[in-house]
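Engineer: The chain contents come next:
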Amino acid sequence: GAGVSQSPRYKVAKRGQDVALRCDPISGHVSLFWYQQALGQGPEFLTYFQNEAQLDKSGLPSDRFFAERPEGSVSTLKIQRTQQEDSAVYLCASSLDLAGGPEQFFGPGTRLTVL
Amino acid sequence: AQSVTQPDIHITVSEGASLELRCNYSYGATPYLFWYVQSPGQGLQLLLKYFSGDTLVQGIKGFEAEFKRSQSSFNLRKPSVHWSDAAEYFCAVGAGDYKLSFGAGTTVTVRA
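Just so you know, the protein sequences line up as chains A and B, in that order. Heads up, the first sequence is in my numbering, so the first residue is 1 and it goes up one at a time. Heads up, the second sequence is in my numbering, so the first residue is 1001 and it goes up one at a time.
Fair warning: there could be bad hints in the mix.
Said to hold, decoys possible - Distance ranges between label pairs, derived from CB positions:
1. Ser1080(B) x Gly16(A): 46 to 54 Å
2. Phe66(A) x Ser1070(B): 18 to 26 Å
3. Thr1055(B) x Pro61(A): 33 to 41 Å
4. Ile1009(B) x Gly3(A): 23 to 31 Å
5. Ser58(A) x Asp1054(B): 28 to 36 Å
Source of the hints: derived by calculation from the structure; they are not laboratory data. We put the CB at the ideal spot given by N, CA and C, even for glycine.
With the sequences and hints as input, model every part of the structure.
Structural biologist: Below, the structure is given as structure tokens:
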């Protein structure tokens, strides 16, 4: 595709609900990243995939957060039993590969509000 | 681990005036450096990047930035701002691995 797309753009969940956020990276991009951006803050790294392999999940805040990229393209970030502190914008980014330099292209984000 | 400081939370500038946004980083070697812009409700758009070579880099929308190793800085500049430049600006550092570390951002307001 022309750019990174994310869906839904906005999600409202009641506390305790599970949510799933989708990311479609730029076609052919090997690397995929998820970031969390709290209100008034810069994005913070959550997790990284190279193709289908999740090479780093050190930024995931708790075991309620889970990400997958089963076929090496589309990725899903799942949050179980959502809490109010999970409210944030979740950004997905992709890059061609590290050999080409670590330039990451970002999607528009999903704004999650937990009530 | 690398870190980024953007000292100015909010800057107000008149249309047509010059703009400079400050960014300081902490990292033991030469990092990859980026400036992104984010308009309300939008994702991050890359303005410019520094990997190596010439320390003055040109970006889109008339922006430029200068890498100063001695000051661990990568300040963003624009000679004449337009009302459409009102947005939030983020400096980011990559350290040769895959993670980007972002500053907290600087909000730019442009007054007529």
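Engineer: For each hint, tell me whether it holds in the structure or not.
Structural biologist: Cross-check of the supplied hints:
1. Ser1080(B) x Gly16(A): 46 to 54 Å: holds, 51 Å
2. Phe66(A) x Ser1070(B): 18 to 26 Å: violated, 44 Å
3. Thr1055(B) x Pro61(A): 33 to 41 Å: Holds, at about 37 Å.
4. Ile1009(B) x Gly3(A): 23 to 31 Å: holds, 29 Å
5. Ser58(A) x Asp1054(B): 28 to 36 Å: holds, 34 Å
In the structure shown, a violation is registered for the earlier hint numbered 2 alone.
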